[in-house]
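2 protein chains.
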Amino acid sequence: MPETTPIHLDEFLKLHPADLADRLQRLPLEEAQRILPDLPPTLAARALAELEHDRQHELLKALPIQKLTPLLAELPPNVVADLVPALPPSARRTTLDALPAEQRQRVQALLRYASDTAGGIMSDRFITLREDMTVEAVRELLRAHAQEERTEDVAYLYVTDAAQRLVGIVSLRDLVFRRAERRMSEVMNRDVKFLRADDDQEKTAQRFEHYHYLGLPVLDQEGRLVGVVKASDALEVAQAEATEDMQLMVGLSGEERALTPWQTAVRRRLPWLYINLATAFLAAFVVSLFESTIARWTALAVFLPVIAGQGGNAGMQTITVIVRDMALGEIAPGDGRRALFKEMMLGLVNGLAVGVVVGMIGWWWKGSFALGVVACAAMVLNQLSAAFAGVAIPFGLKALRIDPALASSIFVTTVTDVAGFFFFLGLALLAMRWFGA
Amino acid sequence: MPETTPIHLDEFLKLHPADLADRLQRLPLEEAQRILPDLPPTLAARALAELEHDRQHELLKALPIQKLTPLLAELPPNVVADLVPALPPSARRTTLDALPAEQRQRVQALLRYASDTAGGIMSDRFITLREDMTVEAVRELLRAHAQEERTEDVAYLYVTDAAQRLVGIVSLRDLVFRRAERRMSEVMNRDVKFLRADDDQEKTAQRFEHYHYLGLPVLDQEGRLVGVVKASDALEVAQAEATEDMQLMVGLSGEERALTPWQTAVRRRLPWLYINLATAFLAAFVVSLFESTIARWTALAVFLPVIAGQGGNAGMQTITVIVRDMALGEIAPGDGRRALFKEMMLGLVNGLAVGVVVGMIGWWWKGSFALGVVACAAMVLNQLSAAFAGVAIPFGLKALRIDPALASSIFVTTVTDVAGFFFFLGLALLAMRWFGA
Numbered sequence: 194m195p196e197t198t199p200i201h202l203d204e205f206l207k208l209h210p211a212d213l214a215d216r217l218q219r220l221p222l223e224e225a226q227r228i229l230p231d232l233p234p235t236l237a238a239r240a241l242a243e244l245e246h247d248r249q250h251e252l253l254k255a256l257p258i259q260k261l262t263p264l265l266a267e268l269p270p271n272v273v274a275d276l277v278p279a280l281p282p283s284a285r286r287t288t289l290d291a292l293p294a295e296q297r298q299r300v301q302a303l304l305r306y307a308s309d310t311a312g313g314i315m316s317d318r319f320i321t322l323r324e325d326m327t328v329e330a331v332r333e334l335l336r337a338h339a340q341e342e343r344t345e346d347v348a349y350l351y352v353t354d355a356a357q358r359l360v361g362i363v364s365l366r367d368l369v370f371r372r373a374e375r376r377m378s379e380v381m382n383r384d385v386k387f388l389r390a391d392d393d394q395e396k397t398a399q400r401f402e403h404y405h406y407l408g409l410p411v412l413d414q415e416g417r418l419v420g421v422v423k424a425s426d427a428l429e430v431a432q433a434e435a436t437e438d439m440q441l442m443v444g445l446s447g448e449e450r451a452l453t454p455w456q457t458a459v460r461r462r463l464p465w466l467y468i469n470l471a472t473a474f475l476a477a478f479v480v481s482l483f484e485s486t487i488a489r490w491t492a493l494a495v496f497l498p499v500i501a502g503q504g505g506n507a508g509m510q511t512i513t514v515i516v517r518d519m520a521l522g523e524i525a526p527g528d529g530r531r532a533l534f535k536e537m538m539l540g541l542v543n544g545l546a547v548g549v550v551v552g553m554i555g556w557w558w559k560g561s562f563a564l565g566v567v568a569c570a571a572m573v574l575n576q577l578s579a580a581f582a583g584v585a586i587p588f589g590l591k592a593l594r595i596d597p598a599l600a601s602s603i604f605v606t607t608v609t610d611v612a613g614f615f616f617f618l619g620l621a622l623l624a625m626r627w628f629g630a
Numbered sequence: 194m195p196e197t198t199p200i201h202l203d204e205f206l207k208l209h210p211a212d213l214a215d216r217l218q219r220l221p222l223e224e225a226q227r228i229l230p231d232l233p234p235t236l237a238a239r240a241l242a243e244l245e246h247d248r249q250h251e252l253l254k255a256l257p258i259q260k261l262t263p264l265l266a267e268l269p270p271n272v273v274a275d276l277v278p279a280l281p282p283s284a285r286r287t288t289l290d291a292l293p294a295e296q297r298q299r300v301q302a303l304l305r306y307a308s309d310t311a312g313g314i315m316s317d318r319f320i321t322l323r324e325d326m327t328v329e330a331v332r333e334l335l336r337a338h339a340q341e342e343r344t345e346d347v348a349y350l351y352v353t354d355a356a357q358r359l360v361g362i363v364s365l366r367d368l369v370f371r372r373a374e375r376r377m378s379e380v381m382n383r384d385v386k387f388l389r390a391d392d393d394q395e396k397t398a399q400r401f402e403h404y405h406y407l408g409l410p411v412l413d414q415e416g417r418l419v420g421v422v423k424a425s426d427a428l429e430v431a432q433a434e435a436t437e438d439m440q441l442m443v444g445l446s447g448e449e450r451a452l453t454p455w456q457t458a459v460r461r462r463l464p465w466l467y468i469n470l471a472t473a474f475l476a477a478f479v480v481s482l483f484e485s486t487i488a489r490w491t492a493l494a495v496f497l498p499v500i501a502g503q504g505g506n507a508g509m510q511t512i513t514v515i516v517r518d519m520a521l522g523e524i525a526p527g528d529g530r531r532a533l534f535k536e537m538m539l540g541l542v543n544g545l546a547v548g549v550v551v552g553m554i555g556w557w558w559k560g561s562f563a564l565g566v567v568a569c570a571a572m573v574l575n576q577l578s579a580a581f582a583g584v585a586i587p588f589g590l591k592a593l594r595i596d597p598a599l600a601s602s603i604f605v606t607t608v609t610d611v612a613g614f615f616f617f618l619g620l621a622l623l624a625m626r627w628f629g630a
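Quick mapping for you: the protein sequence lines, in order, are chains Z and D. Note that this note's numbering gives residue 490 to position 297 of the first sequence, counting from 1, and the numbers run on in steps of one. Note that this note's numbering gives residue 281 to position 88 of the second sequence, counting from 1, and the numbers run on in steps of one.
None of these hints come from the bench; they were simulated from the model. Be aware that one or more of the hints could be misleading.
No copy is singled out in the list; a pair is fine if it fits within one copy or between any two copies.
[To be verified] 25 Å max Cα-Cα, derived BS3-like pairs, lysine-lysine:
| no. | residue 1 | residue 2 |
| --- | --- | --- |
| 1 | Lys386 | Lys396 |
| 2 | Lys207 | Lys396 |
| 3 | Lys396 | Lys591 |
| 4 | Lys386 | Lys254 |
| 5 | Lys260 | Lys559 |
| 6 | Lys386 | Lys207 |
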C-alpha cells in the first residue's frame, strides 16, 4: 500500500457518507479511484450513491468487478438500480449476475421503471399490514423486523388487501399514540395520497410540495403498492429538475457543473452554439436585406444592439416566468390565453415606456426626429413580438411533447432579433421613402 | 347569503387544504374574497397558509379583523408568523394583540428570525426528552400528549440537557422497535446534524439534500434547541430558491407567476428593462465609434447580430452553470480559478470551432477573405470575453455580498456585446487600414 493512503483513509473513515461523497467529488479523479477500493464496502457504497452521476460513472468504471460486487451487496436495491446505468454497458450483465438472488430480482424489478419517473426514484423497502391487525400486533411485528434493512427509513406503514392493493396508511406516531387493542382498520387513514409508478419526476416533486408528506406510496396500474418515495429524495429531484430547466433554457445539457472537465463541456455546449449560430444568421440575413438602407443611414446600425438587447431581455423575462410555472405545474394548458393576454399588455406598456426613451435619445443623439419615431415604434412592436414568442414557444414545445425549457432562450431571442430588426429597418426604409429622412 | 355561494362551498368543504388553496389561487380575486369568510376557520386557515404570497396578501387585506382572528387562532405559530408580514402594516399590531397570549408569544418569538433563514422556516412544535427517560416512559408521555397540536408532524424526538441544549436525537422508530426499559441515553444518536437559526435558506435546503433526513433541529447561538425544519418545507424553499435564481438572472422579481396581474408585472419588470437599456446603449456607443467604418463597409452591420448572439449565448451558458453551483453550494470561493480555467479553455475551443464556420460563411457570402478572418478572430475573442465575464460577474457579485444571480444575464450580455463589437469593428478598421480590405 502506498505511504500516502493511510493518512487519507483514517480521515475519511470518520466522515458521514454524504460528506465522504463531497470529498470524493472534489478529489482529483486518480486519487479518488485509488482510495475507493480501500474503504470499508458499506461506507464506500453509501458515499458512491451520493455522488454526481459523472463522478459515479468514472469511479465505477475503474473498479474491478471483484471489488464492485461486495460493495453493491451492501446497498439497498433502489440505490443499486440507480448505479447500474452508470456502469460500462459491458459490465452491467456480469455485475447483476454476481449479486445475491433476492437482491438481483429486486434490482431488476426497479430497473423496469424509467429513471425520471416515480418508479425510478422509489425505494422498494416498505412494511405492509393487514386491516385486522391490532396496534400491539404491529408493534410486535416491527420489533421482530427491527434489524432488517427494510425498516430503515420508515415513516409510514401501508395497509393492503389480499391483492396487495393499498387501502390505507398508518403513521409511526399512530403506533406510539394509539391504544394497543385498536385495529388498523380503525387507525388507518383511508384518504391516501399516492403516486403512480409512471408519474414523471416533476409531478412527483409537485405532489410533495403540495401535500407536505414525509413519504408517498407508489402504485402500479392495478393499484398495487410497489414502492415508496421519500420527501428528501423528491427534494433532490425537484432541485435537480429546477436547475436542469435553467440549463436547458440556455442550451446546456442539464448535467454540467462548474468543474466539469472542459472537454466534456465542449461536446455538450458546442452543438447548441451551432444551433444558435444558425438562428443568428437568420437575424443577419434580415439585416442584409436592408444593407443599402444602412449604407445611406449608418446611424441605424448603431441602434441594432439596442433593439436586439431590449427584445432579448423582455423575451427572456416572459419565457422564464412561463417555463417556471410549467415546471412547477402552476399553469395549465388552458391558461395559455390568459398568460398571452397578460404578456401582450405588458409588452405594449413596457414597449411604450422604453420606446419613448429610446426615441428621445435617438432624436437627441443623431439629431433626427424620424429616427426617434422609427426607433420608438420598432421598440413597441419588438416588445410585443417578445411577449408573443415568450408565451407561444414554451406552449408550442409542450404541445409537441418537448421539454418547454429546451433551448427556449435561443428560440425566443431568434424571434426578437428577426422581428426587431425587420420592424426597425423596415420602418426606417419607409421613413426614408416617404419623408426623405 | 347570495345564492351562488352554497354550491361552491359544498364542493370546497371536501377538498384537502392544499387543493382548496389551488382553487383559491385560480379563482377571480373577488370570488375568492367572497368565499373565504364562509369557510370553516380551520380549513380556511390551512388553505391560506398554502397560498402564494401575493394572493395571501390580497385575501388577508380584504378580511375584517373579527373574521381574521378566529382563523389565525387555528393555525400553528410558524404559519401565523409567515402570514403576519402579508397583512397590511396597520393591521399587524392589532391582529397580534387579538391572539391568545401563548400563541402570541410564540408567534413573536418566531418573528424575530428573518424569513429567509432556518429560523424563519422552522416550526416551534417539537417534543423534548431527558437522557434518563426510558422508552416506556416516553411512550406514556406521547400518549398523554396525543391530542396536542405539538405532536402533529413528529418524526424525531429531541433529547436536551437542563439548559435546553440538544444532546441527542431519537426517532419514532426507535420508540417502536427498542425495548421498553432502555434509556434515551442508550437509544439516542449523539451525532446530531443540525441547523443554526441564522443559516440562510439555501444552506438549509443544501443540508437536507446532503443528509436526506426527514427533519433537522434548529439551534440558537448557545446550542439551545429552538425549532425544527421539516424536509417538505425545505423542499418548498429549495424549489422557490432555484426558480427565484432563474428569475433574478433575467431581471425579474423572483415572485412573478404566469398569471400575475400585468400591472404588478410592469412595476417589477420595467426598472430592469431600463437598466438593460442603459447597458444596450453602451454597446450602441461602441458601434457609433465605428460609424464611418460601417459606412464604408456595410457588410459589417450584417455580422453584428451574429457576434452579439453567439457571445450572449456563450455567456449565458457559463453564468447559468456558475450561478446554479453557487446556489446549491457545490462550488467554493476558492474554486474560482479552476472554474475560470475551464471556461477559458471552453471559450478558446468553442470560439475557434464557431469562428472558423462564421469566417467561412463571411468569406463565401460577402466574397471578402478579410471579412472572414476578422469575423473568426472576433468570435474567438468574444467567446473568451463571455467566458471571463460569465465567471467574474457571479464571483464578483458574491464577493460584494449581492445575490450572484441578480440581473447577471443583463451584465454578462453587456460585456459580450461591448467586447464583441469592439473586437469585431476594431479588427475590421485595422484590416481596412493595413490591407485596404
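Quick rundown of the hints versus the structure:
| no. | hint | result |
| --- | --- | --- |
| 1 | Lys386 with Lys396 | within (13 Å within a copy, 30 Å between copies) |
| 2 | Lys207 with Lys396 | between (38 Å within a copy, 23 Å between copies) |
| 3 | Lys396 with Lys591 | within (15 Å within a copy, 33 Å between copies) |
| 4 | Lys386 with Lys254 | neither (40 Å within a copy, 33 Å between copies) |
| 5 | Lys260 with Lys559 | neither (74 Å within a copy, 62 Å between copies) |
| 6 | Lys386 with Lys207 | between (39 Å within a copy, 14 Å between copies) |
Violated hints, in rising order: 4 and 5; the structure is consistent with all others.
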